[in-house]
Amino acid sequence: MKVALVGNPNTGKSSLFNILTGLNQKIGNFPGVTVDKKSGFCKLENNQVVSVMDLPGCYSLYPKTQDEAIVSDILSDKRNEFYPDLVIVVVDVTNLKRNLLLYTQVADLGIPLILALNMNDLAEKEKITVDINKLSELLGVQVVKISARNNENIQDLKKAIANAPSFAVHSSTYSIPQSSQNLVDRISDEFNYDNEYASLLLAHQYSAAKHLSKNESDRLGRFIQEQDFHSEDQQVEETIWRYTYIDKLIKECVHIAPQDVKPSLTDKIDDVLTHKFWGFAIFFLILLVIFQSVFSWAEYPMAMIESLFAWLDQIGHQYLPDGVFADLLLNGILAGLGGVIVFIPQIAILFAFIAILEDTGYMARITFLMDKMMRKVGLSGKSVVPMIGGLACAVPSIMATRNIENWKDRIITIMVTPLISCAARLPVYILLISLVVPDDKVWGFFDLRGLTLLGLYILGTVGAVFVAWIMKHLVKGKAGSYFIMELPVYRKPRWKNVFLTMFDKVMTFILEVGKIIIAISIVLWVAASYGPPSRMDTITAKYESPELVDSYPAAELERMESAERLENSYVGILGKTIEPVIRPLGFDWKIGIALITSVAAREVFVGTMATIYSVEGSDDDTANIREIMSAAKDPVTGAKVYTTATAFSLMVFYAFAMQCLSTIAVVKRETNGWKWPAIQFGYMTVMAYLASLIVYQLLR
Amino acid sequence: MKLSDLKIGQHGIIKEFTDLALSVKLMEMGCLPGESVCLERIAPMGDPIAIKVSGYQLSLRKEEASKVILHT
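From first to last, the protein sequence lines are chains A and B. Numbering follows our numbering, with no gaps: position 262 of the first sequence is 262. Numbering follows our numbering, with no gaps: position 34 of the second sequence is 34.
Take every hint as true, because none was put in to throw you off.
Label-pair ranges, simulated between beta-carbon atoms:
hint, chain 1, residue 1, chain 2, residue 2, range
1, A, Leu138, B, Lys2, 31 to 39 angstroms
2, B, Lys7, A, Lys268, 17 to 25 angstroms
3, A, Ser207, B, Lys2, 26 to 34 angstroms
4, B, Gly9, A, Glu299, 45 to 53 angstroms
Simulated from the structure, these hints should not be mistaken for lab results. Backbone N, C-alpha and C define an ideal beta-carbon position, used for all residues, glycine too.
This is chain B alone, in the form it adopts within the complex (with noise of 0.2 angstroms):
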């Protein structure tokens, strides 16, 4: 399951990234493999989305967050 497919208020845990540059991105702001994340929102025109991770809330847009893998 892709982080983008979460519904809202769902969990999930980070697996894998599918892509390279972009993990790097995403680990810094603190999403790692293993780290649990919940959606939040969406935003009204159905992108981009709010999750929360290690504690605060972070946005991307649903492209990006098609390129997390979390475990099923």
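This is chain A alone, in the form it adopts within the complex (with noise of 0.2 angstroms):
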């Protein structure tokens, strides 16, 4: 049995779905959309097991957004392969007249129902009572008082499931009106509707409803337009209509104990945290909070991860033998499996704080007190938490988007957030400073280095806020986006809930953007390692010969033979073909083979150059490959490679590519296919290409 939750947002309808499912849920996309499609199996006490799913939150079958149009489209279409046999409508008690609405329209829909009245505890002491007796006779439906932030009451929860009828018995609340009946039979004929109130919802979203072909589409809109059939003018006469309907039975059911007139708890939140000052002393307060641990306290897992693949690596070495097999498993498949594996503590730390700012309604307060401002450039109030994130790094900041429920501000922010400097940028960007930036005071105390680092990450944010106000002119936003949101009282947040965001979004990343960043690696991998044959054969061959191995120690030898193959392959020879592109830009080919290899991260880089330039000791160790770079000359001018210009030009080329291939495979899931990101790599390397080419001329 398939069993769906619906309900408005913030009725504790996700608490019911985990506590019902617990770790017993997958999370995934309804097909089309980048809308989360939470589902799980519930074992009920006679021991059968149901599919449960959790419908994303909504007001209205009458769809205003993404996530609304998917529990319309499931709800009105009985073909649809999510159409569920039983619907568990989750209601706030505290806020019954507007939640009912929904209630009656998805009993209208004619699926069997059973009615979840939720949060008892704040309801009891607001003095709300409800005859869930009285109210279950007039509905025809099994009604049931739970509390999900309390786990109370689910077992009756359960029971009712058990219990449910597998067709609906319970009383239609709106008849259609005698004006839309002809075109109502007419859709019901036509598409083999057998519920009246489906047809009804059709003629109202033909237009959207992806289950018509065009020309089933065409059609019916033509008929809609000689029926005289307004949509909104018949929406507005439902809605009044429902709550006519839901007013009477309010008065019937519930008893309201007369309320006191002093502020509530929220209010008294309220006052301080949307204060023209505190308000966001404590919001920036919250950001640097959130900043740094992503920042701070990622590091010692991500180094402990890091160190953990170097041991498999070194292991791998030890015991495998050499050739193409174990290069591939290593350097490519485990590289790769690494390089995913990194960004769990981010995601998780960011995701618990996001989880902790929704759970207790904080998020909300953001976005009012954010929202002018951000609206400015094309941004949402929503868009300030991601961009922060992005700070540190864009990948979990990316995947935060998906709070942002309009369209437009969810794809200008996913869009800008790789602009923000993250942290991947900071190893390039301290290696070109030391390298040409001297180190001196500024008015005896501003570092100079520390300035330069500082300009960097403002060009970033600059460079991310003018972006996104030129979006704003350029993509196309779906009419009828409104602001009208829901200020939900505070609550605690619910510990369980932000476990499992964490968990479910790490596992998301893992399953479904680590598979893109694998593939990507190993063909990087690939591309750096191979060669044509001739000229591999031609290195393999003077690196045997006795005159090389007599005169050099066995490390340099190897060190100089890598530089060698890595020059002669297939990213090496991409690198001296796209010379004469990035010459205007300061960069030489050995800069372009590590612009090529850092798209697989920007950090990569600097391991790069150490290779290329067959720098002694570990790849990250910076001083050493300072002192070769600042030496390189160009062999043909005899000029220094590494001017300020050059390595100025290369950190604003830096600060604005897309040179991170995890971030192109998360924009992809979050966009639902390649259009948005190639879109981003296009538009971020023409910038950057564009910025450099400027900041080395007027430097040169």
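Assembling the complex is the task here: the two chains are given apart, and the hints tell you how they should meet.
Printed below as a string of structure tokens:
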């Protein structure tokens, strides 16, 4: 049996889902859209196992957002693969009137129902009493009081699920108006619908209905016009009609004790948290804590993961026979896997914070505080958290944009977040700054190198705001997107929800983004390890020749060989091919190679430089690389390669360029296709190129 | 008078809407003609605003609120 949970946002629907399914849940996308699809299994008392799906929160079956459209699509179409056998409508007792609107709509679709009245603890505090027997009698459904937060009466709900009839027995609440009857009959006839309200919903939403062919929806559109059917007028009429019904229902079944006039706790908290000084001060403090945690707390587990993979690599080299297989396994697959796993701490930490912000109700206040400022540049109040997260890493931040309901705001946030300087750019910046910026102080105490670094961070942020502002005018938004948003009452975070959010996001990343990262890592590894066989054979022969073997120590010989191999690999050839294009930026083919290999991840730049210049010591020994790079001379002109102009040009290039395949992979997942990652890669590369060109030509 | 003209703490009763599409959304959120509303707070930068309606707090932009007409 398939059970679906339906309800308004902030009703405790997700808590109930977590209680029913526990860790027995799976998160994914609904086909064709990036809306979370959560499903799982629940065992009833009679040992029957039912599948449970948590549908996105919505206020009505007339969708205003992508999330809401999913609910309407599934519930109004019996042939939909997710069409449930039973719907549990979860309603918030403290806000019955608004919550019951959705109930009446779902009820009229003729799906078997259970009405779950949630959050009785709060209701008792506010002295709301509901006569559930009366309500059950009037509606003709099983009504169960639960408290998902305190895990109360869940057994009653499970019993109700087990006892649910297989067909709808409840009374319908709305009768189709006479003027629409003709239209409804025709739709029922033509599309073989046995529910009149489902037909009416189709009349309202035919243009967006995914299960109709173009031909069918055009035909329906013409017919609707002939019938003089005005969707919005009808919706207004229907909504008023339903509320009249609900008012009567509430009058008969609900008793609300006279309220105290003294301000609620939420009001008192809001006086501080939305205060014009304290509100911002606390918000920035919270952002600072989030940034600090993603940036520094994550460092320890990340370092542990890195050393674990280094150890595995070492073990592999020790015990596996040398050859292509070991090379692929260790340098291709293991390295790619390490590149995926290393993100887990940052994802887990950022999502723990986001879950807490959402769960407590503070996220809505962030939107409230920041909306006006962010709207000016085409972003939403909710874009702030992902963008601050972008200072640490764009990958978890882009996953966090799912909290932005408005599609246009979400896409713009995704597009600009990678411009914010992330932690992976830091090694590149540090290497290049130490190469060309003197270790001096300005006005006695400002460190010149520190100021340069700060300048690069500001450059990235200004770039992000600028691009957002442009995209605001270019990206087409969906009509009818409103700000209108509930400010839920403050609550304590539910740690189980926080944990499950972290768990879900980490699993999603590993399973869906990880495979793309590993695949591209392997391709890059192959391109960097292999070249035209004739060239590679020559190199092998050269380094086996006795005169070389005798005149150099083995370690140095190995470094020289790997440098020459990289130079002659496919990546090396490509690096040389693009040299004419990157010349105007002040880059030579060696930098070209590093630009290509660092598409895998920006920090790879340092390692590649070390290999190319066959630097002694470990990959991240910046001091050694710096000395050699600083001494590097152009073989033709004899001029220094890393002049101030080249180094700044390179830094600006890294500030803007999309040198991160993990970000590309996560954008592909979050936008459901290659279109947006392609646009993003394209615009960022062009922007980086132009900015570097200007910087180099000015400083030269 | 419009909803956007209310001062903090001031009450009003919704009369009608001047934007049809917006009115559907607002009604779904419990803002019905005849319903009492109270302006609870204004965001520090002057927009959006938060109102109390049918027992909960709803926030909306001033521009949206200007399409809600109140009884005078």
